[in-house]
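**Student:** Construct the entire structure; sequences and hints are all you get.
Listed below are the residues making up each chain.
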Amino acid sequence: MKHVKSLNEKTFKDTVKKGGCGECQTSCQSACKTSCTVGNQKCENNK
Amino acid sequence: MIHQYKNNGYDIVMDINSGSVHVVDDILYDIVEFIDNNEKAKNAIDVEMTDDVKKNILDEIKINLTFKYSESELKEACSEVFELIEDERLFSKDYYQPIADNLKEMPTVVKALCLHVTHDCNLSCKYCFAEEGEYHGKRGLMSLEVGKKALDFIVENSGSRKNLEVDFFGGEPLMNWEVVKELVKYGRTIEKEAGKNFRFTLTTNGMLLDDEVMEFLNKEMSNVVISLDGRKEVNDRMRPRRGGQGSYDVIVPKFKKLAESRNQTDYYIRGTFTRYNLDFSEDVKHFADLGFKQISIEPVVAPKEADYSIREEDVNQILEEYDILAKEFIKRKREGNGFNFFHFMIDLSQGPCIYKRMSGCGAGSEYLAVTPWGDLYPCHQFVGNEDFLLGNVYEGVNRDDLVSKFKKCNVYSRSECKDCFAKFYCSGGCAANSYNFTGDINSTYEIGCKMQRKRVECSIMLKADEMSDDE
Numbered sequence: 001m002k003h004v005k006s007l008n009e010k011t012f013k014d015t016v017k018k019g020g021c022g023e024c025q026t027s028c029q030s031a032c033k034t035s036c037t038v039g040n041q042k043c044e045n046n047k
Numbered sequence: 001m002i003h004q005y006k007n008n009g010y011d012i013v014m015d016i017n018s019g020s021v022h023v024v025d026d027i028l029y030d031i032v033e034f035i036d037n038n039e040k041a042k043n044a045i046d047v048e049m050t051d052d053v054k055k056n057i058l059d060e061i062k063i064n065l066t067f068k069y070s071e072s073e074l075k076e077a078c079s080e081v082f083e084l085i086e087d088e089r090l091f092s093k094d095y096y097q098p099i100a101d102n103l104k105e106m107p108t109v110v111k112a113l114c115l116h117v118t119h120d121c122n123l124s125c126k127y128c129f130a131e132e133g134e135y136h137g138k139r140g141l142m143s144l145e146v147g148k149k150a151l152d153f154i155v156e157n158s159g160s161r162k163n164l165e166v167d168f169f170g171g172e173p174l175m176n177w178e179v180v181k182e183l184v185k186y187g188r189t190i191e192k193e194a195g196k197n198f199r200f201t202l203t204t205n206g207m208l209l210d211d212e213v214m215e216f217l218n219k220e221m222s223n224v225v226i227s228l229d230g231r232k233e234v235n236d237r238m239r240p241r242r243g244g245q246g247s248y249d250v251i252v253p254k255f256k257k258l259a260e261s262r263n264q265t266d267y268y269i270r271g272t273f274t275r276y277n278l279d280f281s282e283d284v285k286h287f288a289d290l291g292f293k294q295i296s297i298e299p300v301v302a303p304k305e306a307d308y309s310i311r312e313e314d315v316n317q318i319l320e321e322y323d324i325l326a327k328e329f330i331k332r333k334r335e336g337n338g339f340n341f342f343h344f345m346i347d348l349s350q351g352p353c354i355y356k357r358m359s360g361c362g363a364g365s366e367y368l369a370v371t372p373w374g375d376l377y378p379c380h381q382f383v384g385n386e387d388f389l390l391g392n393v394y395e396g397v398n399r400d401d402l403v404s405k406f407k408k409c410n411v412y413s414r415s416e417c418k419d420c421f422a423k424f425y426c427s428g429g430c431a432a433n434s435y436n437f438t439g440d441i442n443s444t445y446e447i448g449c450k451m452q453r454k455r456v457e458c459s460i461m462l463k464a465d466e467m468s469d470d471e
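Heads up: the sequence lines are chains A and B, in that order. Mapped onto the working numbering, the consecutive letters of the first sequence carry residue numbers 1 to 47. Mapped onto the working numbering, the consecutive letters of the second sequence carry residue numbers 1 to 471.
No lab work stands behind these hints, which were simulated from the structure alone. Certain hints may be false.
[Unchecked claim] Keeping only pairs whose Cα atoms sit at most 30 Å apart, straight-line, the calculated BS3-like set for lysine-lysine is:
| hint | chain 1 | residue 1 | chain 2 | residue 2 |
| --- | --- | --- | --- | --- |
| 1 | B | Lys162 | A | Lys13 |
| 2 | B | Lys6 | A | Lys2 |
| 3 | B | Lys181 | A | Lys42 |
| 4 | A | Lys18 | B | Lys138 |
| 5 | B | Lys75 | A | Lys42 |
| 6 | B | Lys331 | A | Lys2 |
| 7 | B | Lys192 | A | Lys18 |
| 8 | B | Lys6 | A | Lys10 |
| 9 | A | Lys2 | B | Lys327 |
| 10 | A | Lys5 | B | Lys75 |
| 11 | B | Lys42 | A | Lys13 |
| 12 | B | Lys42 | A | Lys5 |
**Tutor:** Here it is as C-alpha cells:
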C-alpha cells in the first residue's frame, strides 16, 4: 500500500481460538507493582 | 473503534478492536478521521461493505476533502482504506464481550504469588504503601515453614499451569535472606515432580546486596527489581535511611555491579516519581548515564492529601515528560547508547492474546500476596486491609465471594474503559489503584489512565520510528 504501513499483521481476533492458556507473566508482578500493563508482554502459548 | 494521533512527525491510526496499528500519510489520516466522525458511514460499514457503501463514502469524502486533495488522490487512498476495512483491520467489530462474560466461569487457578518474606525495612521511604514494611500491622519475618507452605499452596492450586511466578517482596526481602535461599532450594526440589517451573524474582532496595547475594540472585532469579528513584537529591529526599541519611551513595555502586553481573539484562532499575520530580525524564537519563540499560519509573501511589501525591494539575506536565523521554530514547538509540524503558515496551506482533488483554492483572484470583504469617490477600497493595483477607496458606481461600468479585473485573465490567483506546493494552488497570481512589475495585484511577494512554501512544510512535529506521 502506498499510504499505509502497518506495524502488525496478526489481529486480536486471530488469538481467540488458541488463546487463554494463562502461561504468560502476571501483569504487574515483575517490574512495576503499581500499575497494570499487558501490551508489552509476550505470548507464551507453545501449543 | 478508532484512535488516531500525531506524535513526533508520525501519523498513527489504531484500530482498537483488531489491535491493528497503521502508520499513515496525511491524506489517509484525514479520510479515516472523516469516516470516524460520520455515524452514517460507520453504520453502513458495520452492516456490510458493499460497492454501494464504498461509492457513497467516496462521494462524501470527495465533497468534503477536495479543498485539500485531488479527486484521484482521494480515490486511491480510499481504496486502501476500504481494503483495510474488508480485511477487518480498520473499523473492525468488537467480538469479545461474550468471551468477557465467560471469564468469571473459568476455574480459578493460582499462578503467581507475592511472598512478603519480610514486613520490615531498613529504609524509611516516605511514600511507601507498606509504611516502612509494616503494612499497617506489626513487624515480622516469614518463617521457612510458612514459606514452604506457600509454595505447596501454589503448586496445589495452579491446575495445569506450568510456569509459576514467585516474587520475594517485603518490606525488604534481603532482611530475611536465609529464608529466601531455602525457599528457592525447596521450590527447586518440588517443581520437577509437580511438572512446574518456578520463576523466582526479587524486589530489593539494595542496602544488603553483597557478592554472595548477587551470585545467588544471578543463578536463581529470572528477574530482579532494584529500587532507586534517580538523581541523588531526588532519591535521598524520598528514600532516606532509618536515621535520615540518604541511601543513594550506599546503593548505587551495588546496583551498578549487579546490573553488570547480569549482563545488563533480566533486571529493572525501578524508580518512583512524585510531585517533587515531575521532570522524571531527568531521572531516567540519570539512570542511563549511570550505565543502566533496563529502566522503569512509575508514578507514586499515594493518598490525595499527601504533599508528594500527583494531582490533576500535574498531569499535562507528566504527559509532556513522556514525550521528552521518548525523544531521548530515540536519540540515545541512534547514538548507539540506547536503553530500555519498561513502559515504552510494546509487543504488537507476538503480544498477549485477547483473553489476557481483557482480563486484567489477575489479582485476587490467579495472583495472590502472602504475609509473613501466611495470610492471603488479593495482591501486595491490599495487604493489611482486613476487608480483603482471603484466607491463609494452611486452609486456603475462604472468601469465594471476594475472589468472584475480582474475577469479574475486566475491560468490559469497567464502564470507564468502554470508550478508551488503551483498554487492550492495560487490560482495565490496577484494581488496587481503583479501590484506593474510588472505593471500588471495578472502577478506574483516572490520573493513572491518562498516563497509561500517553505511554501507549509513545510506545507505538517508537515502533513507527523503529520501522522507519529499518527501511
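**Student:** Please verify whether lysine 6 of chain B and lysine 2 of chain A have alpha carbons no more than 30 Å apart.
**Tutor:** Judged against 30 Å, a Cα distance of about 19 Å means the pair holds.
**Student:** Are the Cα atoms of lysine 42 of chain B and lysine 13 of chain A separated by 30 Å or less?
**Tutor:** Holds, at about 20 Å.
**Student:** Given the hint that lysine 5 of chain A pairs with lysine 75 of chain B, does the C-alpha gap stay at or below 30 Å?
**Tutor:** holds (18 Å)
**Student:** Take the C-alpha atoms of lysine 331 of chain B and lysine 2 of chain A, compute the straight-line distance between them, and say whether it is at most 30 Å.
**Tutor:** holds (28 Å)
**Student:** Lysine 192 of chain B and lysine 18 of chain A were given as a pair; does the straight-line alpha-carbon distance stay at or below 30 Å?
**Tutor:** holds (26 Å)
**Student:** Could you grab the alpha-carbon distance between lysine 162 of chain B and lysine 13 of chain A and see if it respects the 30 Å cut-off?
**Tutor:** holds (25 Å)
**Student:** Does lysine 6 of chain B pair with lysine 10 of chain A here, judged by a C-alpha cut-off of 30 Å?
**Tutor:** Holds - the C-alpha atoms of lysine 10 of chain A and lysine 6 of chain B are around 23 Å apart, at most 30 Å.
**Student:** Compare the distance between the alpha carbons of lysine 75 of chain B and lysine 42 of chain A with 30 Å, and conclude whether the hinted pair is satisfied.
**Tutor:** violated (39 Å)
**Student:** Decide if the proposed pair is consistent with the structure: lysine 42 of chain B and lysine 5 of chain A, CA atoms, cutoff 30 Å inclusive.
**Tutor:** holds (23 Å)
**Student:** Does lysine 42 of chain A lie within 30 Å of lysine 181 of chain B when you go C-alpha to C-alpha?
**Tutor:** The given pair, whose Cα atoms are some 29 Å apart, holds under the 30 Å limit.
**Student:** Holds or violated: are the alpha carbons of lysine 18 of chain A and lysine 138 of chain B at most 30 Å from each other?
**Tutor:** Status violated; Cα separation ~46 Å.
**Student:** Lysine 2 of chain A and lysine 327 of chain B were given as a pair; does the straight-line alpha-carbon distance stay at or below 30 Å?
**Tutor:** Distance ~27 Å between lysine 2 of chain A and lysine 327 of chain B Cα, so the pair holds.
Hint violations for this structure: numbers 4 and 5, all remaining hints satisfied.
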